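Chemist: Each chain, written out:
Number of protein chains: 2
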Amino acid sequence: MPGGTFDDTFRAELEELIRWRRDVRRFRKDEVDPVLIEHLLEVADHAPSVGLSQPWRFVAVTGEMERAAIIESYERCNKQALQGYEGSDADLYATLKLEGLREAPVQFAVFCDEATAKGKRLGSRTMPETLRYSVVTAVHTFWLTARAAGLGVGWVSILEPEAVKEALAVPQDWTLVAYLCVGYPQEEHTDPELERAGWEKRE
Amino acid sequence: MPGGTFDDTFRAELEELIRWRRDVRRFRKDEVDPVLIEHLLEVADHAPSVGLSQPWRFVAVTGEMERAAIIESYERCNKQALQGYEGSDADLYATLKLEGLREAPVQFAVFCDEATAKGKRLGSRTMPETLRYSVVTAVHTFWLTARAAGLGVGWVSILEPEAVKEALAVPQDWTLVAYLCVGYPQEEHTDPELERAGWEKRE
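Quick note, the sequences are listed as chains V and X, same order.
Each residue of the first sequence is one higher than the one before, counting from 335 in the working numbering.
Each residue of the second sequence is one higher than the one before, counting from 335 in the working numbering.
By construction, these hints were calculated from the structure, which means they are not laboratory data.
Predicted, not measured: the structure shown is a model, and the values here were computed from it.
All residues carry an ideal CB built from backbone N, CA and C; glycine is no exception.
Among the hints, erroneous ones may be present.
[As the list claims (entries may be wrong)] Far from chain V by the CB rule (all over 12 Å, computed), these chain X residues:
#: 1; residue: V369
#: 2; residue: V395
#: 3; residue: M399
#: 4; residue: E400
#: 5; residue: A402
#: 6; residue: A403
#: 7; residue: L432
#: 8; residue: E433
#: 9; residue: A449
#: 10; residue: L502
#: 11; residue: A503
#: 12; residue: Q506
[Stated by the list, open to error] In the PhoX-like style, the derived pairs of lysine-lysine whose C-alpha atoms are separated by at most 25 Å in a straight line are:
#: 13; chain 1: V; residue 1: K454; chain 2: X; residue 2: K431
#: 14; chain 1: X; residue 1: K499; chain 2: X; residue 2: K413
#: 15; chain 1: V; residue 1: K431; chain 2: X; residue 2: K452
#: 16; chain 1: X; residue 1: K499; chain 2: V; residue 2: K413
#: 17; chain 1: V; residue 1: K452; chain 2: X; residue 2: K431
#: 18; chain 1: X; residue 1: K454; chain 2: V; residue 2: K431
#: 19; chain 1: X; residue 1: K431; chain 2: V; residue 2: K413
#: 20; chain 1: X; residue 1: K413; chain 2: V; residue 2: K452
#: 21; chain 1: X; residue 1: K413; chain 2: V; residue 2: K454
All chains, please: the whole structure from these sequences, using the hints.
Modeler: Shown next as structure tokens:
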């Protein structure tokens, strides 16, 4: 196809990718080729950003102590979250596996560099949150291209942003947007619609 | 390919799509098939959302008065933004076309329904902003699939969220996340890297 045009076959596969993408919680411990990860990050740099600010900062979380601190933060938050449910909701919540923090071989804390001068704040004066929204599009881009490469990604939000910042010693004016677990998924998904129902079916 | 697996050809085209995607400001006034728009919205419903909350609300902006109110809000904000620049930056800023509000045949204000009970707040208690981040992934999904269909999308952030809410009479607990201009683009992009440079080259 001429540059920048896409045919029906591609569009059908793109939709398939979008429907198959999952939040993965069960990972195999198999290592992921760092060359692949670097490539996915480079592609993610082409995500949209307000004023072309590209304010995302993907911080790899590799050390044992760093990962332990992340897990501790998760445990504190999850315990509090459980207390927000009653009866059968609470029972079910307690059984859910909501993260792959102990198994995922690759993990990133993705921040927004709120102080970046890149783009000279074009487009973000009235709605400064668009800087963080730009980071979300980079995360989503990474998520889709990773899935296309057979990798699972799980976005863990049950964390204390300040605890994560401190554990990773990042600059004060960075805001945590997302924490990502990345690796080859353990689960087999035979039906993209069915297996999503779970928690939702209880409504 | 077996369901859920993607080959190198698809992955290369996906990357091409990501690199070709633009924030479009110059639109042709040609109408867009509403069936196509509906389809793109249905696919966007498969974007990731915290706790499967799907909190996005795409509100079509069609009426003359509504569109006039949006344009007025933009003009107020853009005038203020211009005042934030000096000298040659200000001169350049004043020449930039930052939106297609007068021409784009299809326009959406995309909100986050902050009060949605869907998903029972799973995953969003510690970081409630993840509800809005979920809306961003739906916007980004729409953006990519629209681009694959030859449509341009422009995200206009130079707006007053409260003025937009009021103009569209949406529920009070909805938050404006994005305003989208959609249509067939006027500009031809022969080199995806070159034409992005513009504003950035001045740093």
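Chemist: Output the indices of the hints that this structure fails to meet, ascending.
Modeler: Hint check: 7, 8, 16 and 19 fail, others pass.
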